[in-house]
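Protein chains: 2
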Amino acid sequence: MFMKKHTFWKVIENKDVFTAKNRFRIAVQKIKLPNGKVIDDYYQIHFPECILVVPVTPKNKIVCLRHYLHGFKKVGIVLPSGTIEKGELPLETAKRELVEETGYYSKEWRYLGNYGIHNNYGCGKVYFFRANNATKTSNPVSVDIENMETILIDKKCISEFLRKGYIASIGSIAALTLSEMVL
Amino acid sequence: MFMKKHTFWKVIENKDVFTAKNRFRIAVQKIKLPNGKVIDDYYQIHFPECILVVPVTPKNKIVCLRHYLHGFKKVGIVLPSGTIEKGELPLETAKRELVEETGYYSKEWRYLGNYGIHNNYGCGKVYFFRANNATKTSNPVSVDIENMETILIDKKCISEFLRKGYIASIGSIAALTLSEMVL
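Protein chains in written order, with this note's numbering: chain A, 2 to 184; chain B, 2 to 184.
The shape of chain A in the complex, shown without the other chains:
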């Protein structure tokens, strides 16, 4: 279907230049482009992989979280999410985070693909899941430092919430809309 062949870049050198222990790592690379040009300082930001969940209740409401987001310096709505721990499969992380952050549980999971965060620097990969028939079976676990509020958004109101800018992160917007558009 796509006609043009694109050549991958060649990494000639790779050096770690900064590490935030257990969080992320910065590398600087010497790159050779397909046209022969060499770039001496192309940065890569290595985050651990993470997941985002679109939990849908039997009454067609989306289970979201509203809290202060220090990365954005504002209060906003996002989907349940989290970092994949060592030895975990993405789906296991998704199930764990959904219960921990919201107290909701689902047996019906659907994988929606994995996507990159930053075209140039990488910043890790995020796996999207949809959890159907999610029901509340426990209370959220306070493992996170955020003071999270669980809110249920009726599917009919998603467009309005998007239009009003209530959904704060590009990851949550992407997972939410992808889940609606492709299923």
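Note that these hints are calculated values from the structure, not bench results.
Note that the structure is predicted; figures quoted are calculated from it, not measured.
Incorrect hints may appear among the rest.
[As the list claims (entries may be wrong)] From the structure, some residues in chain B lie toward chain A, with a derived Cβ separation under 7 Å:
#1 His7
#2 Lys11
#3 Glu14
#4 Gly37
#5 Pro59
#6 Leu70
#7 Gly88
#8 Gly125
#9 Arg164
#10 Gly166
#11 Ile171
#12 Ala175
Cβ coordinates follow ideal geometry from the N, Cα and C atoms, glycine included.
Based on the hints, put chain B in the right spot on chain A.
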């Protein structure tokens, strides 16, 4: 509409710990949470702000770019995007990048909001725009190091492209779907 009040975190100390000149900056912060707990090492990644454009032609095709994305180590489809230069307004960047990357030009712009990239680390802010009645008036300018291929995706095929995972970045998915859902 939202009942619960969320308190912002207090930054007690802020120290830059790494700078990739003209690209991004890492700071480590000492944070005081609303419950009084202190966190000694909360990282912030400061990217320059950037834009993403959803260009729509008079024939209802979306102008996209297909190229090798070093951040993801794969070839994929993304929307025209770019960094806001010093002194530029987001809309000016969007107009400039659309012409530079695709050779398409539009007089009909609509702002779709700005959104955060990473809940915790920040990683900058991205402004979404839609450019209606975009028409090709020049050739793309080869200012970027990427060897980009312009492709036109019929709006009717967006769902299929999303489902097949052809749209590579969460930013492009978010802008594309937001543009479809809210307009």
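Do the hints match the structure? See the list:
no.: 1; hint: His7; in the structure: 5 Å, holds
no.: 2; hint: Lys11; in the structure: 10 Å, violated
no.: 3; hint: Glu14; in the structure: 14 Å, violated
no.: 4; hint: Gly37; in the structure: 12 Å, violated
no.: 5; hint: Pro59; in the structure: 23 Å, violated
no.: 6; hint: Leu70; in the structure: 5 Å, holds
no.: 7; hint: Gly88; in the structure: 22 Å, violated
no.: 8; hint: Gly125; in the structure: 9 Å, violated
no.: 9; hint: Arg164; in the structure: 4 Å, holds
no.: 10; hint: Gly166; in the structure: 5 Å, holds
no.: 11; hint: Ile171; in the structure: 4 Å, holds
no.: 12; hint: Ala175; in the structure: 4 Å, holds
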